[in-house]
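**Student:** Following the hints, put chain B in place on chain A, whose structure we already have.
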Amino acid sequence: MPRIAILADIHANREALDAALERLSALDADHVVLLGDLVGYGPDPAYVVEMAQRLIGDGATCLLGNHDEAVTKGPAGMNENARDAIRWTQTQLSDEQKGFLAGLPMQYAVGDTLFVHASAARSGAWPYVRDTAAAGACLAATGARNVICGHTHVPAIFYAARDAAPTRFTPLANKPAPLFTGRRQVAVVGSVGQPRDGNPAACIGLLDTGRGELTMHRVPYDASRTAHKIAKAGLPSWLGNRLLTGS
Amino acid sequence: MTRKLSPGVELDGFLLGDKLPSGGMASIWSAAKPGVDRPIILKVPFLDPGEEASVIIGYEVERMISARVSGPHVPKFYGFGDLAETPYIAMEFVEGESLEKVIQGAPLPVDRVRDIGLQIATGLVSLHAQKVAHLDLKPANVILAKRGAVLIDFGLARHAELPDLLGEESSMPMGTAAYIAPEQVLGERSDPASDIFALGCILYQMTTGREPFGSPQTTAGMRRRLFQSPDDIARINPAAPRWLRQVIANCLEVDRGRRYGDAAQLAHDLRHPDQVKLREAKAEPTPGKWLQRLFARKPAPEAVVGAGRAIDRSAPSIILASVFLTGGEDALTEQIRAETARLLAVRRDSRLACVTVWKTELIGQQPEIDKDGNSIYVKHLVALKDWARPLGLDEERLSYHVLEAVSAADAILEFAERNHASHIVMGARGSSALRRHLGSVSTKVVAEATCSVTVIRVAGDADNGPGDA
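Chains as they are written, first to last, in our numbering: chain A, 1 to 247; chain B, 1001 to 1469.
So here's chain A without its partners, still in its complex pose (with noise of 0.2 Å):
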């Protein structure tokens, strides 16, 4: 039964990624799906998406990100800070790296789980699983039992039980949390690259289908550095104090 490694969200933050990738090493991991947003916010597009590339050489599994896709499609309907980065972030890549993150599948199945950056409703829109509602609607727009994706930057799974509404629940950093046969749920992976849970440590999930759980994996990473470099490239400063917060 394989272990499943998950890094969503690393939005181009080159310390938080090797961190991440130095704790994976012993996580025992079978498979690793990178859940979209390679890029945006973050001062290192370039070596996140050549580190993404080496992964998928290994065997990884990579998705579209919204703001992947905003490399190419152009930053419509993003706010201001989010929108210059990705300005900035087009000047950085190579012509043959917009073309792979514009190639980027949109999701990946496995057995009865179901991998997408955002949530399996509206796939084009993005739309945020902050809350049951958002929940419910991605578990009605697929047949999979288990749905998990990224996009919120904020760690939490969400069940629900036949015919009734789903109930959220937040994972405690590097505890495992089951997940139910009897039971859909929706879980949602924590930010490698810019969390917003209040705890600033990037997040890995290790899903471990076998046993039926998945964990949180926080990982502390030398923020402050990236910060600077977010600073130093000319990006909205706010970008890089959020990460010292992990706010």
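Since the hints were derived computationally from the structure, they do not count as laboratory data. Please read these numbers as outputs of a predicted model, since none were measured by experiment.
Restricting the straight-line Cα-Cα distance to at most 30 Å, the calculated cross-link-like pairs of lysine-lysine (DSS-like) are: (1) A:232 with B:1385; (2) A:175 with B:1076; (3) A:232 with A:73; (4) B:1385 with B:1131; (5) B:1359 with B:1385; (6) A:175 with B:1359.
**Tutor:** Relative to the frame of chain A, chain B by itself:
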């Protein structure tokens, strides 16, 4: 979906034996498995068409919690079956006598009451230390085995770090009417103190032969225990000693602030009856009194500390917390943090120096960067800051120090002395013979420090850690 089960059928490597008598929620089968030297039972939930959702949830809860508890006071867990195929929970068949049967003979002799009570309390200490509240403790769920009381049936239990499927499903009181705690009647399912109340009910029943609150059939009937005390034990069983009546009264307090603080305190009283503090007899309670009692609770110590009290200058001013974080956070580093938080809370102007030692072979011989070009010093610093973050201290009370040293003990001692640390908090892992022989970092620090030292050890920790912090 459920396979037809009968003796001789093999299920995931378990060979089914006879069907055993069981309750209404599941069938119980004896079973054997090659390589397992003790008898096994398979508990198979009734999931026929038209089944209640609560049966599924109870199965999910029991499966989730059985797999996470261990020790002599619970049945050993051997595996489970997929809900989509044939769901079951495989566990050790615990040989012994059910307390349900033993309690038929109540009133039991005082020594027997004390012995059984102590066994159950000891089981609760272990269970609660594993962050689990049973929440359906009753005679039918206690087996008196050779190795002590074994607590079974975790279908209503609650693990502090896991989702509460039952609580989300319903706010109806869940438990057994005769033993349910008042806070459970009000819909709360998160307090291990509820198990202490239930044990109080069992002690009362073993002493008197009666259930303290009867066995009411309605929620309103169960609520009565919020304001009505049970009949005086002395009147039912004049042979019951004063200390035992006091122990039972302490368990059955409606106000959890007056109940035993934890199962270890209860076990201590049962082990030392001559030390039980006798309270004055309470006036006959009247309806409404329990509310007054609730409001008369003493404020929590944190509230007192935070309420502008004069600073206690006898408390430590500079606290040194030493942690090893190379393997990430674990139970030991969590407990060092918890103890550090308690020390910090005593004195609001105290400061915390977080120290980690980066062990080197020879000073100056260590590479400054790892194979990926990252500074090793920064990695230690980052891990240290991550460890301290949950303390929520203002930056001005905190400092971080990565010490490069050949001997961790010498580095900690020297740092403590140079910085006038008034208290050192550190951890110790395991206690193997080899470790005792070689001496550990904490042993040396305790022996040579010129200030107080608190050494944290994870309860029940065998020698399984990579190093001594």
